[in-house]
Amino acid sequence: MFIRALFSLGMGILVLSSQAEASIKIQGSSTVGPIVVKAAEILKSNKDIDIVVDTFGGSAAGLSSLASETAQFGMISKEISEEDKKKYSNVHFTTHLIGSDAVAMVISKKLYDQGVKSLSLSQLKEIYEKKITNWKKLGGPDQKIIFLNKEPGRGTWEVFVKAVYGQGNVPSISHLEVGSNEEAKSKVINTPGGITQLSVAWAQKDPRVKVLGLSIDGKLILPDEHSIRSKKYPMARNLYLVSSKPLNDGQKILLDFLYSEAGQNIVEDYGYLRVRQNTK
Amino acid sequence: MAISGFAKTQNSEIFYLFRDGRFKVSATRLMSIAIVGFVTLISLSAFIFLIWKSSDALMREGLSFFSTANWHFRDHSYGALALFLGTVVTAVFSLLICAPFSLFGAWALQNLRSEKLRLSIEALVTLMASVPSVVYGLLGILLLRPALLQTFSFYGMETGGGLLTASILLSIMILPTLFSLQLESFSKLSKKYQEQALSLGLSRTKFFWSIVFPLGLPAILSSFALGFGRAAGETVAVFLVIGRLDNKLPTEGGWIDYLLNAGQSITTKLGGPEIFISYQSPQHESALLLLALCLVLMSIGTSSLLLTISKGKV
Amino acid sequence: MALLAVLFHRFCQLILFLTVFLALSLFSILIIRGMPSLNLSFIMDPMANAGLSGGVRYQILGSLMLILSAAIFATPVALSFCYCFQNIPQFRKPLITVLYALNSVPSIVLGFLAFLLFAVYLNWGKSWLAGGLILAIMVTPSLSFFLIDGLRALPSTYSETAKSLGLSADDRWWKLYVPLLVKPYLTGLFLSLGRAAGETAPILFVASVFYGATLPSGIKDNPVLSLPYHIFQLSQEAYQPEALDRLWSSALLIVLIVLVLQAPYYYFFWNRNRKGSKHAKLKLTR
Amino acid sequence: MQNSNSPVKTCCLHPEGRIGTSLKIKRLIASTLPKRVLNLSHLEFPARSLTSIVGRSGIGKSTFLRVINRLLEEDPQWTIEVDIEFLGTPIHSPKLSKEMLRKCIGLILQEPCVFPFSVKRNLLFGIRSAQKLSKSEESCLVEKLLQNVGLWDEVNNRLSENAEHLSVGQKQRLCIARSLALNPEILLMDEPTSSLDPDTTLKIEELIQSLSKERCIILVTHDREQISRLKGRVLEFYRDNLSAGTIAREWKEKTLKVNRTAEFTKESQSFIST
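Protein chains in written order, with my numbering: chain G, 42 to 321; chain F, 36 to 349; chain Y, 69 to 354; chain A, 20 to 293.
Please keep in mind that the hints were generated in silico from the structure rather than gathered at the bench.
There's no promise every hint is true.
Stated by the list, open to error - Beta-carbon label-pair distances, calculated as ranges:
1. 214(G) x 90(F): 37 to 43 angstroms
2. 291(F) x 155(G): 23 to 29 angstroms
3. 84(F) x 177(A): 57 to 63 angstroms
4. 103(Y) x 90(F): 29 to 35 angstroms
5. 98(F) x 214(G): 32 to 38 angstroms
6. 155(G) x 99(Y): 35 to 41 angstroms
7. 94(A) x 236(F): 27 to 33 angstroms
To be verified - Computed far set for chain Y versus chain G, every beta-carbon distance over 12 angstroms:
8. 116
9. 278
10. 293
Don't be surprised by glycine CBs; every beta carbon is placed ideally from N, CA and C.
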């Protein structure tokens, strides 16, 4: 009786594992996540392709799960850096641009009203290196600066570091870590004197959070559509879906949908910038 | 097979009977030994895998893994002192906060008059044990953090999260475990000695400090060991409230600032995204595995401590 | 001196009152904040736009699938541990140490090892079966302790009488012990499943995703949503009011599920007389 | 009683078929390491007989019973050197498994031990492991057994009730019936009536007397009146200074049981097997 039960259990598992998996796995950046989730909802209803999305771990997790084939698509909100290429040397990444966006330095509305309006890149560098620790020096109230740094794996962090340090090496300084954009935004709102890197789209949606303009050699640049497209705003970035293997038809449908008018509308609804044919 | 010298009138059935005397290996016994062997083998090989994989991190880092606090996996430097300190400090502090509550609470409950009230309070505390840790994390992040931020912001608490918040949350989580273990040992001891002690004219408090506490010490210590093991191994709730700041040591801003502000523990590091990121870089992965090994050794150490102590008197 | 004694006594009662107040306030907060949006539709319909609206249908189903597969794998293992404990005396000491060791391994380490084994080595990716197996490993120790205590509670004359009736070891096991172990087995199983349902750390890397998975259609690359993971993700991120309500009600829901699963334990806890068995302390803890 | 072609395939000999000696003990030495407890030899138990065993408590009467049905071997503290023949076959011979031996030798304990199942399931507990019986055979066996031990009219309507609700006397008879289901060759009884009230004891003694007509019964008892009431041999376990451990001798005349201080004759020791 005991053996028969075990035998039937074994058979059951064998049958289950032989079926090919139908759904598409997508892992990666929480910036790109909402677009793909919305697209998945629409595709699920009419094309009956089920897409599984997970944003745990950010862009780096997207690339690593693509390399380990635990996902078919990686979502990254940064360029594929040399270091990534070196790290995943055996994997050939093909990027599919689905939109563009920018990273902005964000503070709570209360702090903004108290006088902190913009920062220069050098000031940003000193904040990051904990040389400036009080808002008083930047025209704000006497409040300790609390830098909420994006988790090391996140695309937003790499764009921020590339803009501030360019090709130079990045000093390893430990900061308070925040994971997804949603968490960064909620923590900045609740922490007096907090500042963090956040995607512009997320910042504009929520009145409780204010975007700081970046003044580069004296000229104040606000991250609006024009400055991002023309790359004048230093922390502009593209949003990619990355694949490592030739796409099967389910995956092609998803990509075509994202490039279609409806797909790009979703990108715009979330505050990101559409893909213009000319700025491929 | 003839049985000689046997009563003549036996019929054939008796012979049939004795024929099946040969040794028959029971299927259940084989199956159980196989399964138990398989599971033990799996856990042993997992442990050996852990040791083998983390050994090269130990070789490479050597003692600096334990003595320095510069965990920057980008620059391949893995000093994990801050992580060890974080785990130990949160676990010890949670025990310190929780000990009076569980100890004196259990003793007060033991002296309650009405049986009904006693059982219902005990059941209530046991119910707390079955609340999942993620719900405690939720309570921590939504209620405890803002509350502590208001009260301690004067003393330099920047964000609500930190080692103190984590310790308070952990002490709430391990309270039921400690409470019920200590209650069990108190009820056993007082059932045995209470009548005699009170008839000698001792007051309840004297009875507690002179008999129940000393005799119950092994049980109390073993419950602390269990509580420590559990607090050190807790991940999700601590991950939500500890603030996740790497390489923070009390030497920089003093113990007050260290406790009030964010830090990092082994479990929150293991629970973070680094496991995903470490997929392709063996160095990073083996450093994380060394962390996991130390955590396992710590909790198995405390639970074997529990075994030896509880074998003592309880 | 008498004043000090009375003072201490009152102090203890105050501490007890505080503990009870803490426990009551914990549960009442959960109920007050969780009740408003906890309605049938919240349980029945699937999640919509990343937790801001819709229900938690697939999260609940996912969690139930995980603990069900945990039960299926844990039962034969616990039964074999109990059989070996009962019939092979020289195995007793090592078995107890193995169970204690398994019981004290932190769940995040189990999750990490499972990730390396299932997700990477066997490249299953995220699969519900890996989650089930890991939860089974977490359920086995406390379930085996329940069975072993159940055996110990039986009067010793049973085994002698059964032997004198000529029952072989197998017959005794299947005809006498297993029927008598059903009650401790059920209480133990539900108690440990209740705790496993609330676990998040092990399934973090191995079995759960935040969006998209419905019911799995295979083993490889078939993650499953789960309620604790849902709460874990949402509690980090969402601060919008409507997401907050959903968060509170899913927290209340997971607590209700755990309590319903652990009801048999509390039922027996309540009316059995207070003879705590040897491994009682381990059953309470993870 | 069952005849030889009855469905039950254990030592189901027809009572008339049982002649000669059921159990022949050539040598039996049982010791717990420091000292030797039992040192019996040359004892014989004829096929259909009643042998009562008396002796002061702690002399090893119960141990003796547990050696015969090989229960004592499972206790690591005891070391046993035994040369016992059951129906001509040495009990340790590889041809005869422990389980089979115990099916042919029933054991009744002092405290009746019923399993927490229904009366019917308790009764058939032993036989179900020995042999597959059909529903009708089982119910007719149950009825026959309960009538045999005089329990049928008391429990025939409560067969599916939990056996633990029965009285101690009823439980003891249920245990006897449960052993009888296997139709054992020998029935070992370890002070069956010591925890029973007087009139149940009489009923049990009556039952023992009738059973001794069909099979060999070895009864361990303290109760001297019980021995006087029962017709059958009496063995006394005693220790004198020169013997290492307990040895046995038989009381020649029944009168001994009247005056306790009677002197025992020497030649009873030389009970020679035929």
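We went through each hint and held it up to the structure:
no. : hint                                : result
1   : 214(G) x 90(F): 37 to 43 angstroms  : violated (31 angstroms)
2   : 291(F) x 155(G): 23 to 29 angstroms : holds (27 angstroms)
3   : 84(F) x 177(A): 57 to 63 angstroms  : holds (60 angstroms)
4   : 103(Y) x 90(F): 29 to 35 angstroms  : violated (53 angstroms)
5   : 98(F) x 214(G): 32 to 38 angstroms  : violated (24 angstroms)
6   : 155(G) x 99(Y): 35 to 41 angstroms  : holds (40 angstroms)
7   : 94(A) x 236(F): 27 to 33 angstroms  : violated (49 angstroms)
8   : 116                                 : violated (7 angstroms)
9   : 278                                 : violated (5 angstroms)
10  : 293                                 : violated (9 angstroms)
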